[in-house]
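Line order of the protein sequences matches chains A and B. Per the working numbering, the first sequence starts with residue 240, numbered consecutively. Per the working numbering, the second sequence starts with residue 47, numbered consecutively.
Derived by calculation from the structure, the hints in this document are not laboratory data. Every residue gets a Cβ at the ideal spot worked out from N, C-alpha and C, and that includes glycine. Treat the hints loosely; a few may be bogus.
To be verified - If you want the footprint, here are the derived chain B segments under chain A, 3+ residues with CB under 8 Å:
#1 244–252
#2 420–430
#3 437–443
#4 625–639
#5 647–653
What the hints assert, rightly or not - A short list of chain B residues far from chain A (calculated; beta carbon distances all over 12 Å):
#6 127
#7 405
#8 406
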Amino acid sequence: MTRKQRKLTIIGGALAVLAVALGLVLNALRDSIVFFSTPTMVAEKHVAPGTRFRLGGLVEPGSLVRGDNLAVKFEVADGAAKLPVAFKGILPDLFREGQGIVAEGALDTSGVFRADTVLAKHDETYMPKDVADALKKQGHWKDDYGARPGANAKPSAGATATQGAARLVQGVSQ
Amino acid sequence: MIAESGHYALVLALALALIQSTVPVLGARLRDPALMGVARSSAIGQLLFAATAFAALVTLHVTSDFSVVNVFENSHSLKPMIYKITGVWGNHEGSMLLWVSILALFGGLVAIFGNNLPLSLRAHVLAVQAWIASAFYLFILMTSNPFLRIANPPIEGRDLNPILQDIGLAVHPPMLYLGYVGFSISFSFAIAALLEGRIDAAWARWVRPWTLVAWIFLTLGIAMGSYWAYYELGWGGWWFWDPVENASLMPWLAGTALLHSALVMEKRNALKVWTILLSIMTFSLSLLGTFLVRSGVLTSVHAFASDPTRGVFILLILCLFIGGSLTLFAARASTLKQGGLFAPISREGALVLNNLFLTTACATVLIGTLYPLALEVVTGAKISVGAPFFNLTFGPLFFPLLVAVPFGPMLAWKRGDLLGAAQRLLAAGVVALFVIAVVWAWTRGGSALAPLAIGLAVFVVGGAVSDLIERTGLFRVPLVTVMRRSRGLPRSVWGTAFAHAGLGVALIGIVCETTWNSEYIATMRPDDVAKLAGYELKLDGLSQRQGPNFREMTASFTVSLDGERLAVMTPSKRNFTTRAMSTTEAALLTRGVSQLYISLGDTTAEGAIAVRIYHKPLVLLIWLGPVLMAFGGMMSLSDRRLRVGAPKPAKALRGLQAAE
Numbered sequence: 240m241t242r243k244q245r246k247l248t249i250i251g252g253a254l255a256v257l258a259v260a261l262g263l264v265l266n267a268l269r270d271s272i273v274f275f276s277t278p279t280m281v282a283e284k285h286v287a288p289g290t291r292f293r294l295g296g297l298v299e300p301g302s303l304v305r306g307d308n309l310a311v312k313f314e315v316a317d318g319a320a321k322l323p324v325a326f327k328g329i330l331p332d333l334f335r336e337g338q339g340i341v342a343e344g345a346l347d348t349s350g351v352f353r354a355d356t357v358l359a360k361h362d363e364t365y366m367p368k369d370v371a372d373a374l375k376k377q378g379h380w381k382d383d384y385g386a387r388p389g390a391n392a393k394p395s396a397g398a399t400a401t402q403g404a405a406r407l408v409q410g411v412s413q
Numbered sequence: 047m048i049a050e051s052g053h054y055a056l057v058l059a060l061a062l063a064l065i066q067s068t069v070p071v072l073g074a075r076l077r078d079p080a081l082m083g084v085a086r087s088s089a090i091g092q093l094l095f096a097a098t099a100f101a102a103l104v105t106l107h108v109t110s111d112f113s114v115v116n117v118f119e120n121s122h123s124l125k126p127m128i129y130k131i132t133g134v135w136g137n138h139e140g141s142m143l144l145w146v147s148i149l150a151l152f153g154g155l156v157a158i159f160g161n162n163l164p165l166s167l168r169a170h171v172l173a174v175q176a177w178i179a180s181a182f183y184l185f186i187l188m189t190s191n192p193f194l195r196i197a198n199p200p201i202e203g204r205d206l207n208p209i210l211q212d213i214g215l216a217v218h219p220p221m222l223y224l225g226y227v228g229f230s231i232s233f234s235f236a237i238a239a240l241l242e243g244r245i246d247a248a249w250a251r252w253v254r255p256w257t258l259v260a261w262i263f264l265t266l267g268i269a270m271g272s273y274w275a276y277y278e279l280g281w282g283g284w285w286f287w288d289p290v291e292n293a294s295l296m297p298w299l300a301g302t303a304l305l306h307s308a309l310v311m312e313k314r315n316a317l318k319v320w321t322i323l324l325s326i327m328t329f330s331l332s333l334l335g336t337f338l339v340r341s342g343v344l345t346s347v348h349a350f351a352s353d354p355t356r357g358v359f360i361l362l363i364l365c366l367f368i369g370g371s372l373t374l375f376a377a378r379a380s381t382l383k384q385g386g387l388f389a390p391i392s393r394e395g396a397l398v399l400n401n402l403f404l405t406t407a408c409a410t411v412l413i414g415t416l417y418p419l420a421l422e423v424v425t426g427a428k429i430s431v432g433a434p435f436f437n438l439t440f441g442p443l444f445f446p447l448l449v450a451v452p453f454g455p456m457l458a459w460k461r462g463d464l465l466g467a468a469q470r471l472l473a474a475g476v477v478a479l480f481v482i483a484v485v486w487a488w489t490r491g492g493s494a495l496a497p498l499a500i501g502l503a504v505f506v507v508g509g510a511v512s513d514l515i516e517r518t519g520l521f522r523v524p525l526v527t528v529m530r531r532s533r534g535l536p537r538s539v540w541g542t543a544f545a546h547a548g549l550g551v552a553l554i555g556i557v558c559e560t561t562w563n564s565e566y567i568a569t570m571r572p573d574d575v576a577k578l579a580g581y582e583l584k585l586d587g588l589s590q591r592q593g594p595n596f597r598e599m600t601a602s603f604t605v606s607l608d609g610e611r612l613a614v615m616t617p618s619k620r621n622f623t624t625r626a627m628s629t630t631e632a633a634l635l636t637r638g639v640s641q642l643y644i645s646l647g648d649t650t651a652e653g654a655i656a657v658r659i660y661h662k663p664l665v666l667l668i669w670l671g672p673v674l675m676a677f678g679g680m681m682s683l684s685d686r687r688l689r690v691g692a693p694k695p696a697k698a699l700r701g702l703q704a705a706e
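Chain A on its own, in the form it takes in the complex (with noise of 0.2 Å):
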C-alpha cells in the first residue's frame, strides 16, 4: 500500500465510525430523553397517558398519604395548578412536605402521575434548578422557600458539595 492508501485507509475507518457514532446519538437522542415540566404546563398541554416526562414543583403540605406496603400518594404544586402523584417505593431522605422535587414517570388515564423516580435536592435550599427556575418564571418564587428547612440558612448561600458527592437521593420504585 503506498502512503495515500493507507491514509485513506485510516480516514475511512475514522469517518465510518463516527458515522455509526452519529446514527446512534440520534436515535438515542429520538428515544430516551424525557421533557420537563411543572403542573401548570402538564394543565395546558393536556400531555398523553403513558408520556414519560419529568414532573418538578412543591410537595403540597398535608396531601401526602401513606398507604399499605410503601405506596404513597401526595401532590406536587407549582402555585398555579396541583397534580396528583402516586409512588411506591422508598422516598428520599430529604422528601418532606413543602419541599421542591422532581419525579419521573407517565399520566395514567385517571390523570394520576404515576411515577417511578422521585428525586429530591440534596443542598440546603432544598429547591431543584428546574423547579426554582420553573416557579420564578411563573412569579411564584418566594425566597423564603429556601429559608424553610433552617432559621440560619440563607437561600443565596453557596454550594456545599463537592463532586461526586451531593447527589439527589433518588427512590427507585420496586
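Model the placement of chain B on the given structure of chain A, informed by the hints.
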C-alpha cells in the same frame, strides 16, 4: 491573623505566577539561560505559597475559627476532627484552593524533577503552567476567596452538608483533582512544543509518565467516587450518568486515548499532531469539567447553587485556554512533520483504532452532557438526557473496542499479522465461548446480552493473560526459563496486561450487578424475616443513640444462610440537627466479591420501618477493575525506561527545525 496570612500567601503566589508566565518566555526568545532559569525558582516558590495558603485554611477549619465565612458556613465545633480537615475541600472556595494547590504541586514537581529537560522546553512548560495558575488564582481572589471574615463572628458554624461527612470526601476529591490537574502537564508540554515548533519521540517520553500519573489518580478517583455514591446514597446505584460524573469520565476517556497515542509517538515517532491535539483536548475537558461542576450551570443531580459571576469567570478561563490553544494548534500544527509509516494492521493501527473509539465514545458523552444545556439556551425547552441515552451510544461503541483490546499487544509494530494474533488468542476465545455457554445454560430464559458481555469480558482478561503466557513461554519452555523471561519482561508489558485485564474484570462486575441484582423492599417489624438470594435477614430491633453532631437510629439484622448465622448488619439513619437533614448509612456485608446491602427508609406510626435490601452479585469487581488498571499504570510507571527519563534528542533532530 491566620486568615490574613493565607490570603496574603495567595496574592504572593499570584505575583510569582505572573512572573513565571512571562519572564521564562522572554528568556527563551532571547536565549538567556538566567531568565529561563527563573521558571524553576518561581515554580517552587509558587508551590510554597500555595501550600501555605492551603495550610492556613486547614488550620482555620481545624481550630473552628467561625469569624471566617468559609469556616462558619461549612464547619461546626462538634464535627469530628477528620471531617474538619476534609471539610476544607467540601465547599466551593476550599475545593478551588485545593485545585490551584495541586496545580502548583505539579508545576513544582516539573521544576524539581525536570533537570533533564532542555532548558527552553522547561521554561515554556512552566510558563504555560503559570498561565493556567494565574487565571485560577485570579478566579479565587476575585470571586471565591476562602479567607473572607465576618464582621460579627457567630458562636457556632452551620456544619458541613451531612452527606459529605464521610471518609469518601477525604479521598475522592483530592484524587480526582490530582487526575484533572495532572493533565495540565501534558497540556503545557503540548503548548510548549507548539511554541517551540519542535516535537520528537523524546517529547513523548517526557510527557508519558506525567500523563500516566494523572491517569492513575483519575482512574482511582472516579472509582472511589462511584463506590462512595454506592454506599452513601442508600439505594445501591454506582453510576448515574450524571453530568458531573460525565465531567470526570470525559477527561478519563481522552486521557486513556492520550496514553496510547503517546506510546505510538514515543516508539514510532508517528501520530504527532494527533497526540498534541489529544493533550489539548484532555486538559480542555478537565477545564470543562471544572466549569460544569463549579458554575452550577447544569441541571445536575449534584446540588450546586453558585452565583453566576463565578460561572462567567470560569467560562472566560475556559474559552481563553481552549480557544487559545486550539488557535495555536491550527497555526502551528502544520510545522510538525509526520514520521513513521505503518500498515493499518499493526500495533500502531490497533492504537489508532483504540483512539478512534475512545474519542468517539468521549464525544457521545459530551453531546449527551451538553445537549440539554444547548437546547435550553436555544429553545428554552427543558429536557434531561438520562442513562438510556448513554447506554445506547456508549455501549455499542465500547463493544468493538473491547473485542479489539486483546489483539493490540499481540500485533507487531509497523506491520502486524492478524491471523497470527488470532491464533495466539485462540485459547482465550475458546475459554470465552465456554463461559458464554455455561452462563447461558445457567441463566436460561434471562437476557441474552449478559452472557455475551461476560464472554467478552473473559476474552479481554484471557487476552491479557495469553499475552503474558506468550511472552514468557509458559507451558512451552522449562519453568526456569519462564521465570527468567518473566523477570526480563519490561514492567510496561506487565502494566499493559494488568490494565487490560482490569477492564475485563470491571465489565464482569458491571454486567453481573446490573443483570442479576435482586432487591427486597418492604416495611418490616421487629422479628420479621426477609428472604433474598438464599439469605435470611431477621430484624432484631431498633435502637437510638446520640452521635457527636447527630442522632442515630440503628436497626439490627441477623443474617443467616441455610440456617447458619453469618453476621449482624446494622444500617442506620442519622439526623443532623444543625441542618435538619438526615442521611442513610447503609450496612454492607461482603461475601467474596458479592455484597448484601441494607438501607433504611421511614418509620411508620406502628413501629415498623421501611427497609431496602439488595443482593449485589460480584459488585466489588466493578471497583476492583479500576484498581487493577491503576496498578497496571503504576507498574508501567516504574518501568526503567520511563524512570530514567528521555534520552537527549538525536543531533539531527530528525529533520525538524525550530520555528523561529
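Comparing the hints with the structure gives:
1. Figure legend: the region 244–252 of chain B, annotated as covered by chain A; annotation inconsistent (0 residues with Cβ-Cβ distances under 8 Å, at least 3 required).
2. Proximity of the region 420–430 of chain B to chain A, defined as three or more residues with a beta carbon under 8 Å from a beta carbon of that chain, is established by the 4 residues found.
3. Coverage of the region 437–443 of chain B by chain A holds [criterion: at least 3 residues with CB-CB distance below 8 Å; count 4].
4. Here the region 625–639 of chain B counts 6 residues with a CB under 8 Å from a CB of chain A, which clears the bar of 3, and the coverage holds.
5. Under a criterion of three residues with beta carbons nearer than 8 Å to beta carbons of chain A, the stated coverage of the region 647–653 of chain B is upheld, 3 such residues being counted.
6. Distance check on residue 127 of chain B: its Cβ is at least 19 Å (rounded) from any Cβ of chain A, clearing the 12 Å threshold; non-interface status holds.
7. A Cβ of chain A approaches the Cβ of residue 405 of chain B within 12 Å, the least distance being about 9 Å, so the stated non-interface status is violated.
8. Chain A draws residue 406 of chain B into its interface by the beta-carbon criterion, the shortest separation being 5 Å against a cut-off of 12 Å.
Comparing the model with each numbered hint stated earlier shows that hints 1, 7 and 8 do not hold.
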